[in-house]
Amino acid sequence: MSGYSGSDSLPGPGNITRARLANGIVVLARSNFNSPSVVVSGYVMCGSLFDPEEKLGLADFTASALMRGTQRRSFQEIYDALESAGANLSIEGSTHSTGFGSKALSEDLKLLLQLLSEALRQPSFPEEQVERLRTQVLTRLAIRAQDTGERAALAFDSLAYADHPYRLPEEGYPETVQSITRQDMIDFHRKHFGPSGMVIVVVGGVDPQEAVDSVTEVFADWENPEQPAPIELPPTTPFSRTVTERVNIPGKSQVDIVMGAVGPSRFSEDYFAAILGNSVLGQFGMMGRIGDAVREKAGLAYYAYSSLAGGLGPGPWTMLAGVDPGKVEQAIQLITQEVARFTRALVEEQELADSQANFIGRLPLTLETNGGVAGALLNLERYDLGIDYYLRYSDLVRSVTREAVLETARTYLHPERLAIGMAGALE
Amino acid sequence: MSGQMELQSVTDQSVTKLRLSNGLLVMLKEIHSAPIISHWMWYRVGSRNESAGTTGISHWVEHMLFKGTPQFPPTILDKAISRDGGFWNAFTYLDWTTYFETMPAEKIDLALRLEADRMVNCTFDPLEVESERTVIISERQGNEDQPLFRLGEELQASAFRVHSYHHEIIGDLSDLQTIQREDLYRHYRTYYAPNNAVLAVAGDFETPRMLDRIQELYRDIPAGPEIQWRARSEPPQAGERRLMVEGQGETTYIQVTHHTPAASHPDFFPLTVMDSLLTGPSNLNMFGGGISNKTSRLYRALVDGELVVSVYGGLQATIDPFLHTFTIIMRPDRQVDEVLPVLVGEIQRLQDSPPPADELARAVKQARAMFAYGSESISNQAFWMGFSEMFDDYDWFLTYLDRLAAVTPEDIQRVAQEYLRSQNRVTGVYLPTGNGANASWGGGV
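Those sequence lines, one after another, are chains A and B. My numbering numbers the first residue of the first sequence as 7 and each following residue consecutively. My numbering numbers the first residue of the second sequence as 14 and each following residue consecutively.
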């Protein structure tokens, strides 16, 4: 009953405009004239991996402070311009990069790019704003300290990545955030923010060439000879037995569990086998085999699923659940049994076929909005997938075999060697 | 096609709205920008339709609708949708419960068959009921670990002594422990009927063929008896109410709420603009994000004033009068008694003098932008057709921006005077008892 006639609905060489500026910035643009608005998103290649350990949180704090004042505008002037246009712009630090995301009515694209450029290139870090922001960051860390899900994830990271930078939270700790000075932020910005490795994506009701020209206008003259190369990650150390960390937070009704191991990066050859296997294990339908065992059959939890991060480095492959404090052992046992089954025997043909059909079928849904398309274009560039990736996507998904899923499961997951973080009333 | 239909008028020519002879209201909107269809079934039942002893039952029934029918047994159902690349979920709210599937266009028939089937054929297997009891209690426990859930629950209970908006949608623990299978099934059979439902479909289809298919699937489902539920109206509040919740942590939270009228009331629109001036624009879209609020009056007074770390506010579109709520996360170095007078001072300022016209113009532009963001998503467009019918009708949505634009500075002053009075207010504070927390609330404003 479809009346849709767009044969070029998937992003590909025929409808993506890609340009590389002389300073290294890559611009990707795609028009969607069904929409009166535009999304601009992207990243610069500096993140918490550059943080000195005693000042952990510096990259994140610096990213949050970029919008607090620039050499041309005060905090109030920045937000007056943005909010008066009904636009939004936020900049956030993460482990490898500092990301930005914004949207506006199409007529305000130039305003958005101008503000983005000022924030990334000419922040002024006003003293008063930095202190106000510090209080907000510390409050957020105090809230994190009470959040069972976040504490369980931190506990997992500290076990699974014991000798690796991924063990550290990018927002830092209260004492490290306290030690960061305004001068640290100025220095960090001067040294690490630059055009090398930067990607910017424009999607929406705007002509692609006009989008590229507008980006060029504000970013082409950005240079930073000091900008360092991205950090090489050390290998992770495998552990020889299951390790557990229990974080007691009194007064909580629920215990959150995050367990699993170090998974593949997005660049790994077995990434597709891993992500499809993960779908069978803890995603498909009502959260795969784990959802079925823990939530549907045992009624133990409101949520139970598995997650594979992928990413630039070896992100975690985890199983998560929130349960009553009295049911923790039972839940861990059920999940471990599912991991054991997953690494012992081939997934069923039907299970793999179901997940493959799901991955292929849902692709148009993930590309429904400007934000969805922008995310897809960013992935193309970040992981070097090739501009025809979404045209090849179905074949890539279909080419995964049951044997490849089992081999991948055995590479990364070992039921007798899991990292288990949990947090809640655990006295 | 045999079933009789009654066409209804809608301002938007691209929407077909009609009622089948069994009472099912059908709304269809063709959108051919992507090969996707979003299908939503709405029932006029939520926590508003619950009494003491069965609180949380609407939400529990929603969970049971994922537990299967003879035609679509439990595990078949979710696998079938997922296999086709569909995205589906359900939500229970104060006034309504909704089930949606957004799917590749050529696969939508599965969603059509599934929703028609589970409107009447769910089995409510007693074993599944018991298994879901612990799941829902676990969901409630997860909520209880959030200070703002605990504070909000007390605030709502204090604001509504009589009306059934009194309790949280998830229900009280004691009811979750005692509700029986027969209670759930009775609730289902009472409220799940075509004459108590709205079917909204948007996306890449042709209206006549979609309509034929809907008729075919629903024509044999008879109308249910008229719903007997009568909401008990909340008497006017005659003085500020204050409450305190203590709990773990180091962070103090404040919520200040005022009774506000139903979404269909003309004052809902000036109140929406007023909320935007005070705390930034609220986003009613289910899909499509909001924007920051750093130029709003309360952000400037409270966050820039270094009293709190964040402040936001919002108004809900409901059938009966509900609440406008300010939510504040405190700075650790400030006391509640320093914050509340500033909040009340800003309310007073709006009551004393009408806001400048450019502040209103900005609020309207922000609302326009958020409408544009929301319109990108076909799911969100289908959402709005059904959602607006729950508390008013689709013209409410179609005229929303015009009605916001028509609000005058004097309207804002008037609604601030009428609704933000202290007598109409409940103030609640979550006081942390964790290590190092030295928060207190003397209660004086």
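These are calculated hints, taken from the structure and not from any lab test. Please note: incorrect hints may appear among the correct ones.
Partner residues aside, some chain A positions facing chain B, computed with beta carbon under 7 Å [to be verified]:
hint: 1; residue: Glu83
hint: 2; residue: Ala87
hint: 3; residue: Glu113
hint: 4; residue: Gln135
hint: 5; residue: Leu139
hint: 6; residue: Gln142
hint: 7; residue: Thr145
hint: 8; residue: Leu147
hint: 9; residue: Arg150
hint: 10; residue: Gln152
hint: 11; residue: Glu156
hint: 12; residue: Gln184
hint: 13; residue: Lys258
hint: 14; residue: Gly291
hint: 15; residue: Ala363
Reference excerpt, derived from the structure (chain A facing chain B, CB under 7 Å, subset only) [to be verified]:
hint: 16; residue: Glu98
hint: 17; residue: Ser100
hint: 18; residue: His198
hint: 19; residue: Ser259
hint: 20; residue: Thr342
hint: 21; residue: Ala346
hint: 22; residue: Gly367
Covered by chain A, per the in silico footprint, the following chain B stretches (three or more residues, Cβ under 8 Å) [claimed, not checked]:
hint: 23; stretch: 37-48
hint: 24; stretch: 305-312
hint: 25; stretch: 410-416
These numbers were taken from a predicted model, which means no experiment stands behind them. The beta carbon of each residue, even a glycine, is placed where N, CA and C say it ideally should be.
So, going through the hints one by one against the coordinates:
1. Glu83: Interface hint status for Glu83(A): violated (10 Å vs cutoff 7 Å).
2. Ala87: violated, 10 Å
3. Glu113: violated, 10 Å
4. Gln135: Gln135(A) check fails; min Cβ-Cβ to chain B is 9 Å, beyond 7 Å.
5. Leu139: Violated - the Cβ of Leu139(A) stays beyond 7 Å from chain B, reaching only about 10 Å at its closest.
6. Gln142: Given a least distance of 5 Å, the restraint on Gln142(A) holds.
7. Thr145: holds, 5 Å
8. Leu147: Leu147(A) check fails; min Cβ-Cβ to chain B is 10 Å, beyond 7 Å.
9. Arg150: Cβ of Arg150(A) sits 10 Å from chain B, so the hint is violated.
10. Gln152: Hint on Gln152(A): holds, closest Cβ of chain B at ~4 Å, below 7 Å.
11. Glu156: This interface hint is violated because 11 Å lies over the 7 Å limit.
12. Gln184: This interface hint is violated because 13 Å lies over the 7 Å limit.
13. Lys258: This interface hint holds because 5 Å falls under the 7 Å limit.
14. Gly291: Holds, because the Cβ-Cβ distance from Gly291(A) to chain B comes to roughly 4 Å (cut-off 7 Å).
15. Ala363: holds, 5 Å
16. Glu98: With a minimum Cβ separation of about 13 Å from chain B (threshold 7 Å), the hint on Glu98(A) is violated.
17. Ser100: Constraint on Ser100(A) not satisfied, violated at 18 Å.
18. His198: Check failed: Cβ of His198(A) comes no nearer than 25 Å to chain B, outside 7 Å.
19. Ser259: Holds - the Cβ of Ser259(A) comes within 7 Å of chain B, reaching about 3 Å at its closest.
20. Thr342: violated, 20 Å
21. Ala346: violated, 21 Å
22. Gly367: holds, 2 Å
23. 37-48: holds (count 5)
24. 305-312: Contact hint for the stretch 305-312 of chain B vs chain A: holds, 4 residues under 8 Å.
25. 410-416: violated (count 0)
In terms of the numbered hints stated before, the structure departs from hints 1, 2, 3, 4, 5, 8, 9, 11, 12, 16, 17, 18, 20, 21 and 25, listed from lowest to highest.
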